[in-house]
Amino acid sequence: MTTRDIPAEDISFTEGAQYAGLALSVLSMLAYLAIVLTRVFTDDVSVTKVAWQGPMLLVVAIGGALYGIGYGIAGIRHHRPVEDARDKEIQRYGGAINGGLVGLTVAVSIVLLALNVEPFWVAHNLFLGSWFASFVSTVGRVAAYREGIPS
Amino acid sequence: MTVSERSVWVQLFVMPLVAVGYFSVVLSRAADESVAEISWVVPMIWAIGVVVAGIIAGTIASAIGSAVAAAARGEEPELEEGDQRDKEIERLGNRKAQFFTGIGTMAVIVLCMFRVDPFWIASTMFLAGILAGVHGAIAKLRAYRRGF
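First to last, the sequence lines map onto chains P and U. To convert, count from 1 in the first sequence and add 37; that's this note's numbering. To convert, count from 1 in the second sequence and add 1148; that's this note's numbering.
Everything labelled a hint here was simulated from the structure, so no lab data went into it. Since the structure is predicted, the reported quantities are computational estimates derived from the model, not experimental observations. Glycine residues also receive a C-beta, built at the ideal position from the N, C-alpha and C atoms. It is possible that some hints are incorrect.
Unchecked claim - These stretches of chain U come out as covered by chain P in the derived footprint (C-beta under 8 angstroms, 3 or more residues):
1. 1163-1169
2. 1232-1242
3. 1248-1260
Claimed, not checked - Simulated restraints, written as ranges between beta carbons of each label pair:
4. U:ILE1251 x P:VAL176: 19 to 29 angstroms
5. U:ARG1221 x P:LEU59: 51 to 61 angstroms
6. P:ALA102 x U:GLU1223: 56 to 66 angstroms
7. P:ALA122 x U:VAL1264: 38 to 48 angstroms
8. P:LEU64 x U:ILE1208: 40 to 50 angstroms
9. U:ALA1220 x P:GLY112: 48 to 58 angstroms
10. U:VAL1216 x P:LEU61: 48 to 58 angstroms
11. U:SER1182 x P:ARG123: 50 to 60 angstroms
12. P:GLY107 x U:VAL1264: 31 to 41 angstroms
13. U:SER1182 x P:ALA144: 24 to 34 angstroms
14. P:HIS115 x U:GLN1232: 24 to 34 angstroms
15. U:VAL1183 x P:ALA144: 15 to 25 angstroms
Just chain U, with the same shape it has in the complex (with noise of 0.2 angstroms):
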């Protein structure tokens, strides 16, 4: 397994646990007082911080892993540099997460038209964001397990 398919892997899992740990700390304030003034910068600032720490860490981690386990079965443990085909597949993924990134544009803009609180447009935006992940990470594990 590549380094760039480990990080698509890592990603699959990172986005939608981040994505549950900031609704549930934005919604149970949501539920205690008014949406203008729910502090969810900070949250947001962390989600977003802790994706991005979240998958380089996660992928070095599962890199050693596996090279102590195949160390462990007695192999030679080996990193796989990435090649043409990873970077084929990285953009075969960015054009398929821009279907959720479009729809969700396209909703934060009608957002803003009604002028709803601030809150709300950026965590469409934010859940936008995570969908258009994770269905690119699906769409490229696609790519590697199945072919284009």
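Bound conformation, chain P alone (with noise of 0.2 angstroms):
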């Protein structure tokens, strides 16, 4: 059986919200760029004068939001146990791979505020940084339902 011919039911409800957070975290990431964009082209402000801070904060709690939402909804309808032993492994794979990203981001905004640049690109490169992080994690998540986790 190839992985398409796999009926729903048999997406973990872990691996299923694996798939709902990719989805929402780069509508999220996008809608935040294309608000911000268009403010650093139509404001007639350097780049770093923009107001960034509303929409940040918006994207974060909206996405948060829903996110927790969905996940509380389906969580309470799923009737059983969220995760397995699997779950828990894959859960934990991912995790470590965001924590590596994550600590290279940190250490790039030290770097940074060391060189006393705008708080702006502190904060850029912080939100990207961690959005990439959790990216990567969560491809690398699904990746390791269908392939297995690489030892």
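Two chains, two separate frames, one set of hints: put the complex together.
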């Protein structure tokens, strides 16, 4: 049986959550970039003076809330334990990838702060870096569901 | 005890010590001059360097120490290699560490929004990193001692 023939019930709860999270995080990031880049081009100020704070908070809050609500409702309707041993292991595997990339992002931020750059760049390095870390770790989890955890 | 478990124990002691050292240096400077003029970069580089070097040196020292102790008791000293369990515990700890890095990242972004002095931003991030490291180390040691 190829992966395509697997009926939807055979996708574990946690695997489904990866796909939902992936879609939501990509949409949130696109929305943020659309708002801020529009402001960069329409507002007549330099890039670092653009009002990025509101959109960033909103996108994080709305994206997080939607994921939380979706996870909660799906979890209640699921009736069975949401994770088995394999799910847990894959969660940890993804978490380790995420941790490594976030660590790198934090190190870059400290360098940026030491060089005294605009807070705008520090915040965006962290925002984009953590987003990228979670994106890569979620793709890694999806791959681990399909092809097993690389040892 | 495997080499990775040893390094986790060393990390648990080195990280809080370095954090105390860093903050006592920079906060005593903050008492004397305005935060915008504090030179925190050099203490920060030292702190990060000492964490890395301290964990490596501490792990080696403790491995030698326990080998000597084993030889003194007349046992055969052995150096245990890491295995699959070590790798899984490593992943577990790194996942746990995300709790504080996540909170720290969000806190730092908010500080950037208020254009706080880089000194406070970098120190917040450093503190979050130390907390994450200690939290991760505790989670790993629990897993080593009591299972998952």
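- Query: Which hint numbers doesn't this structure obey?
  - Reply: 1
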